[in-house]
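Given chain L's structure and the hints, the job is docking chains R and W onto it.
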Amino acid sequence: MTESLHLWLIPILPFAGFLLNGVLGARLPKWLVSAIGLLAPLGSFVLVVNAASAALITAPKTCAECGSAAASVAMPYAETWSRPWINLGTLHVDFSFVIDQLSLVMLLVVTGVGFLIHIYSVGYMGDEEGYARFFSYLNLFLFFMTVLVLAGNVLLMFVGWEGVGLASYLLIGFYFSKTSAANAGKKAFIVNRIGDFGFLIGIFLLLASFGTLDFAQIAARFSASPFHIVIQNGAPSLSHGPALPSTAVITVICLCLLIGAAGKSAQLPLYVWLPDAMEGPTPVSALIHAATMVTAGVYLIARTHALFDHAPVALAIVAFVGAATALFAATIAVAQNDIKRVLAYSTISQLGYMFLACGVAAYAAGIFHLVTHAFFKALLFLAAGSIIHAMGGEQDMRKMGGLRNRLPVTFATMTIAVFTISGFPPLAAFYSKDAILYAAFVHGPAGKLLWFVGLVTALLTAFYMFRLWYMTFLGEPRSKPEHHHSTPLSMLVPMVILAALSVCGGWIGIERFSAFLAPSISAPRARAASTDVQLELVLTLLAVTVALLGWFLAHRLYSSKPERAAQLAAGYPAGYKLVANKFYIDEIYDAIFVKPLMAFSKYILGWVVDTAILGGIAWLLAGIASFTGAILQRWQSGNLRSYAAWLAAGAAAILIFVLLWGSPHGWSLTLLHPQTVYKVTHITTLHLGQAGH
Amino acid sequence: MHLILFLLFAGFCLAGAINLLLQTHPINSALSLIVVMTSLAVLYLLLGAEFLAAAQIIVYAGAVMVLFTFVVMLLNAGREERTLGSRAASRVGFPAVVALLAMLATVVLRSSGLGAAHLGAGLATPASAVDSSNLTLLSTVLFHELLLPFEVTSVLILIAILGAVALARAGHGEGAPTK
Amino acid sequence: MTFLQHDVPFSWYLLLSAILFSLGVVGFLIKRNLITVFMSIELMLNAVNLSFVTFAREWDMVKGQIFVFFVMMVAAAEAAVGLAIIIAVFRARATLSVDRIDLMKL
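Protein chains in written order, with the working numbering: chain L, 568 to 1260; chain R, 397 to 575; chain W, 132 to 237.
FYI, nobody ran anything at the bench for these hints, they're computed from the structure.
What you were told as hints is all true, and nothing was included just to trick you.
Some chain R residues flagged as far from chain L (calculated, every beta-carbon gap over 10 angstroms):
hint : residue
1    : L410
2    : F546
3    : I555
Each computed DMTMM-like pair below joins lysine to aspartate or glutamate, with the alpha-carbon atoms no more than 20 angstroms apart:
hint : chain 1 : residue 1 : chain 2 : residue 2
4    : W       : K194      : R       : E541
5    : L       : K753      : L       : D763
6    : W       : K194      : R       : E446
7    : L       : K1015     : L       : D1099
8    : W       : K194      : R       : E547
The structure displayed is predicted, hence computed values, not measured ones.
A virtual CB, placed ideally from N, CA and C, is assigned to each residue, including glycine.
Chain L extracted, bound-state conformation (with noise of 0.2 angstroms):
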């Protein structure tokens, strides 16, 4: 009864877009670019919600074997080609693409908000060159982050792990004429590079330990009971399981992972690449860089929660590196005056927050924020991007001001996001992040540091948010654009759309979501059947509380009284300075790894291998060559004498040859017929002739 959802239209669609905007787009008129660019993403969104309802809404028909009414398509549900990609002894490696609960969710995100920024993009990046490589980019992007979801196995994950960082890469560094844009993308690449090394080292481990790195299997092989019946000539008998590995191996490879995670989604300390990132293009900064690309690390984890799960150590590094990152970015989003910037360090700190709920085995509430964060990060992003195109590319927030009569669609949507954010009930982050919040008290004595840090990084997040929505909107404008740009259609739409999103996202609740999602991320172990009310009420007013404060103090320090904020600054100028440089994080990478890795490559490398040891040994081969042929060409002297002389001397050769060592005949000096020698001689006598001329 299962009908075939083609999944695997739905990353090719993408790529189809991607090669066609990609090979012809500069000879493409622009609308039929646009049309190639947002039919893709449309038909992935289309056939991703066909895969929803056909796994979801029940089909009236009831099944005669079952005898209940039956989803027409049952989860997990993969897809599977026939021919293997790898099959080399014990490993076994298919192209398996795979949709159950989890994955449906990351989809639909993924598409849905994917989507959308492909209308906006439209409107921004009307005017700009590189129209169509830019849609082409976004298409290959979508590609591989499809393929990233729907993977069945760790190592087709991986391969749009890896491709989502090229695209990351070329995106960032989309105005590559900009020296900070390439050097951007080249960051980029690289710490993600480095995240990379650590999830491959995972995959061998799994590889090793498990024997095979397909999801599904993994999990089984932790469901599995040690011992099972066999049935062996008809006769029942227990039979030993296959041994899980030890803890500590489990651990290392979940560690291993974590790096992978960390430097995908911009965690201590791999984040340095995200706020450099932001010098490409808005709509990129939203798409990948918000909503979708930094959540692959939180995927990864929800992904392979079963072998989290059995190393509580690892478990336990995830919340508190997620902890640290959240309260950290927070604190230097505080003194950005790039209104790009301050977003970039909101993103880190709410990724911090879903491995902060990953930490403490909250799956459900992580992805949940998940969702509810790319509705309204991107937003953020959309809207930061409004306005920048409104002043004309300006992005300092001590330029802006009292753009709320300019973009009152812009305003509108903005204050939305500023107070999901800030987690204002009944918007959409409340519900989310008070749930991660729950679970870190609840997890045990060190969940209570944990809630406790990430109720300081909530009233962080409300006063930078704030501040930003000051500075931005409120107030007298502070400088007079040349231009009036206007923000056409195409970018007010998605805006509006995701404003809804983020106002009724978190209306399903935690509780019916996660019982959504449980069939493919397991009941968090130490959930009690009843969630204790009272507590959650009692830390939902701290939440709401200190979101008013930070709005409190925001207002304090830049609506009422501006000058107030400069003069708290002056107070502190060494806090200040520190804060406002990201504590010199960049700085201190570059002096600690970069330096020396440049001055490694260039001395060592470069002068010992390279022209040292290599070009010495190319000299030397070319030495050899020219002292050889500077020998040979002595024997070319043009003097008849001595090739004469060379002459006899092999044709003497030769006749010692023959007479020796020649024919397997038997011919030796005593049985040797003259005749031979009689027509050598004569052979050497014309030779020698015709030297004479």
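Below, chains R and W without anything else, positioned relative to chain L:
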């Protein structure tokens, strides 16, 4: 008789050859070579090749060596000068020649299949031959079996004449044909 | 006298031929005048002719003698052309010394 004649004329051959090497003026070398050729003609007679003996005298001694002498006179080649020469010629060439001679000598002297030449006897003639002279035998084979090579040889000589005329013509040299 | 009527072994003829040949090679190597070099080539050819005739006699093959005939013809043609070349070379280089004519040098 045979032995004496052989030793005598072989001696003349060797003497002429060695003299060719020792003389400095090419005309002397040419004359020594004539001596060699004539002695060889006698040796051919001893071996029963009468026609060849005559041909040797007529062609080699009578035409080729005369040509050499003419060229020596034409070019006014004087005594050889002492030039630096070629080290390879002496260092590589002489051992080669010695080796060559040694091998040939060894092979010749140690091979057991050779007999001796009897003076006066000619080549065995087939029974169907008209008369058994060496010339008849030779010409029978030459004009029956080997007629084509014979005719080709005449073409070859024609070409050689043309070539010699073209090369030695005055005005030929630096690549510019005059007329 | 038996000594005088003694038959001459073929190997002596062949030895003579070998010696003449070697002397020809030596002449080719040590002589500096181009014409003399050419003459030593002729010497070599004659030595070979002698060996051909010897073998023709030994095995009663008239083809050996015919081959000598052809060798003579070719040698005559070769002498004509070769001397013409020597004349041409003399005109170009004004010298007959082999060591001076090293135009084939790289």
